[in-house]
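Asks: Residue-level listing of the chains:
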Amino acid sequence: MSAPAHAAASSDKPLAAFKGVGKTYPNGVTALEHLDFSIGRGEFLALLGPSGCGKSTALRLLAGLTGPTKGEIVRHSAGSHDVGFVFQEPTLMPWATVAQNVRLPLRLKNIEYQESRVQEALALVGLDDFRDAYPRELSGGMKMRVSIARALVTKPQLLLMDEPFAALDEISRFRLNDDLLALWRQLNCTVVFVTHSVFESVYLASRILMFTPRPGRVAAEFEIKAPEPRDGQFRTSPEYGAQCREISAALANVMADA
Amino acid sequence: MRAASHISFGERVLRLFMPIVALAIAIGLWEAVVRYYELPPYILPSPTLVFETLKSDWGTLSESLLVTLRTTAIALLLAVIGGVLLALLFASSRLVELSLFPFAVILQVTPIIAIAPLLLIYLEPQTAVLVCAWIVAFFPILSNTALGLASVDRNLQELFQLYGANRWKTLFLLRVPAALPYFLGGLRIAGGLALIGAVVAEIAAGTGGRGSGLAYRIVESGYRLNVPRMFAALLLISLAGIAIFALLTLIQHLTLRRWHESALDRES
Ligand SMILES: Nc1ncnc2c1ncn2[C@@H]1O[C@H](COP(=O)(O)OP(=O)(O)OP(=O)(O)O)[C@@H](O)[C@H]1O
Ligand SMILES: [Mg+2]
Chain E
0 MSAPAHAAAS SDKPLAAFKG VGKTYPNGVT ALEHLDFSIG RGEFLALLGP SGCGKSTALR
60 LLAGLTGPTK GEIVRHSAGS HDVGFVFQEP TLMPWATVAQ NVRLPLRLKN IEYQESRVQE
120 ALALVGLDDF RDAYPRELSG GMKMRVSIAR ALVTKPQLLL MDEPFAALDE ISRFRLNDDL
180 LALWRQLNCT VVFVTHSVFE SVYLASRILM FTPRPGRVAA EFEIKAPEPR DGQFRTSPEY
240 GAQCREISAA LANVMADA
Chain C
0 MRAASHISFG ERVLRLFMPI VALAIAIGLW EAVVRYYELP PYILPSPTLV FETLKSDWGT
60 LSESLLVTLR TTAIALLLAV IGGVLLALLF ASSRLVELSL FPFAVILQVT PIIAIAPLLL
120 IYLEPQTAVL VCAWIVAFFP ILSNTALGLA SVDRNLQELF QLYGANRWKT LFLLRVPAAL
180 PYFLGGLRIA GGLALIGAVV AEIAAGTGGR GSGLAYRIVE SGYRLNVPRM FAALLLISLA
240 GIAIFALLTL IQHLTLRRWH ESALDRES
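As they're listed, the protein sequences go chains E and C. In terms of numbering that gives the first Met the number 0, the first sequence opens at residue 0 and continues consecutively. In terms of numbering that gives the first Met the number 0, the second sequence opens at residue 0 and continues consecutively.
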């Protein structure tokens, strides 16, 4: 192997690993049980599974927003904890304008305020014209796009997204899918992406983890084979269709077993 | 982009004029009854007599009005300072909240009219009146602000945690703005209560105190059976209450109109 030693080491060592993780909420609901998987550096990982199976919980555990009640999560993050999080709900500050909301991570992390960064993030989600609007003046999908812009403004090394495109129309979703892929390549970051959509996960992910119904654990794992870079052609290719079919069938199986 | 108000012009006119018409009819009836039965002023003065008294006694009454308004304003200001500071303290320390909140409740549930005589023994009448007004105005501000500081959206809180926000940033960028609508709601209640507290304490102080507020004028006029003046002073107290409420509602609206649901234009 001619690859430099450190590159080889870093690709060996996963960014984070769930080891026998279980999470039982104080009200007695067990969301996750025996969850084992690892996240490789630079990978685009999709979490797929039925509603209520603990996908959001897994994401919050990964971000360190809550702790596991069983097992452990090993993190090998280099340097500062550089994470962007898109919550399932837009989670905007209603008293702040769109631009102020997007700027928030820079303020909280004491990064010097750069107008261009906010502008760039807003342009990416197509909301440059709404920088001075308040959240209540936006539609559900627009709020979600503000939330995405906010997560991107710090150019994070790890991007966690919880069904970010669920509230969008298909055209916007396809466009943001492509933008996200471009961004992922450009930033060389790691993305963990929760979705309900088999089609979306196959289009985006390099690997898909399928969860069982609650309590969630990994039921199956799929490597997605696709030509790089992916684009609209992949969406209509036979390989894409075949993989979607395979995973849809597996998902139906998982749901039927429950 | 803001939705225009959809209340029609006719509806607005109706909303504004119907209460005025109703009031005019009531006053007219009152005047008619007094004239028809030739009631003496010490039993029931006619509205015209009340207005005349208001005019002739304006010197004394306006002075008293200013005294009452001043007491109310100072008490409200002190209640805002005390209530907000204590709410912030509660928010930062659960121990402080657990140990002090019951006392705030006790202060609130004990009728102010029962506390006033005691305060009058220990304090100068003017100070006692101020303290009474403060006590009743303080609680809604404290409890509302504390509730607001505690009811921050959980996801937003996690977002702040994720980006490593320190306590101060979380306080000023998240909890304070989130608490603002609650605080303003409390303020609106407290404004009216401060006036009531001041009036109650003035009445408890009675002629024994050297007070000179509107309620004191009512007590004094009562002793002299100057019923028209009692009515005139009462009218001024009501107007003061309405003005305070209107002012605080305006402040609330202006502060929240850009973003809060409560200030949304009603559609359809
Ligand atoms: N804060 C909480 N307290 C108690 N129970 C919770 C909490 N959050 C989630 N749960 C429970 O944990 C389970 C998993 O929730 P989670 O939000 O992780 O599901 P999900 O896979 O993201 O579902 P969806 O696809 O519908 O978003 C659910 O049954 C839910 O009731
Ligand atoms: Mg979820």
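Just so you know, these hints were derived from the structure itself, not from any lab. Quick reminder that beta carbons are idealized off the backbone N, C-alpha and C, glycines included. Where hints are given, some of them may not hold.
Here are the simulated lysine-lysine pairs, DSBU-like style, with alpha carbons at most 30 Å apart [stated by the list, open to error]: (1) E:Lys12 / E:Lys108; (2) E:Lys69 / E:Lys12; (3) C:Lys168 / E:Lys154; (4) E:Lys224 / E:Lys108; (5) E:Lys12 / E:Lys224; (6) C:Lys54 / E:Lys108.
Where chain C lies over chain E, by a calculated footprint (3+ residues, C-beta under 8 Å) [stated by the list, open to error]: (7) 100-108; (8) 187-199.
To spell it out: a stretch of chain C is covered by chain E in this simulated footprint if at least three of its residues, at any positions, have a beta carbon under 8 Å from a beta carbon of chain E; those stretches are [as the list claims (entries may be wrong)]: (9) 73-80; (10) 148-156; (11) 172-179; (12) 213-223.
Asks: Straight-line Cα separation of Lys12 of chain E and Lys224 of chain E no greater than 30 Å?
Replies: 22 Å, holds
Asks: Within the assertion that chain E covers the stretch 172-179 of chain C, do at least three residues meet a Cβ-to-Cβ distance smaller than 8 Å?
Replies: holds (count 5)
Asks: Under a C-beta cut-off of less than 8 Å, do 3 or more residues of the stretch 213-223 of chain C approach chain E closely enough to confirm the stated coverage?
Replies: violated (count 0)
Asks: Is the listed coverage of the stretch 100-108 of chain E by chain C valid when you require three or more residues with a beta carbon under 8 Å from a beta carbon of that chain?
Replies: holds (count 5)
Asks: Given as covered by chain E, does the stretch 148-156 of chain C meet the bar of three residues or more with CB within less than 8 Å?
Replies: holds (count 3)
Asks: Is the Cα-Cα distance between Lys168 of chain C and Lys154 of chain E 30 Å or less?
Replies: Holds, because 22 Å separates the two Cα atoms, which is no more than 30 Å.
Asks: What's the verdict on Lys54 of chain C and Lys108 of chain E, does the C-alpha distance respect the 30 Å limit or exceed it?
Replies: Roughly 64 Å separates the two Cα atoms, so the pair is violated.
Asks: Is the coverage entry for the stretch 187-199 of chain E by chain C consistent with the three-residue Cβ rule at 8 Å?
Replies: violated (count 0)
Asks: Under the criterion that the straight-line Cα-Cα distance not exceed 30 Å, is the pair Lys224 of chain E, Lys108 of chain E satisfied?
Replies: 38 Å, violated
Asks: Lys69 of chain E and Lys12 of chain E were given as a pair; does the straight-line alpha-carbon distance stay at or below 30 Å?
Replies: 23 Å, holds
Asks: Within a Cα-Cα threshold of 30 Å, do Lys12 of chain E and Lys108 of chain E meet the stated pairing?
Replies: At roughly 27 Å apart (the allowed maximum being 30 Å), Lys108 of chain E and Lys12 of chain E satisfy the hint.
Asks: Please verify the coverage claim for the stretch 73-80 of chain C: does it have three or more residues whose C-beta sits within 8 Å of some C-beta in chain E?
Replies: As far as the stretch 73-80 of chain C goes, the hint is violated, because 0 residues have Cβ atoms under 8 Å from chain E.
Comparing the model with each numbered hint stated earlier shows that hints 4, 6, 8, 9, 12 do not hold.
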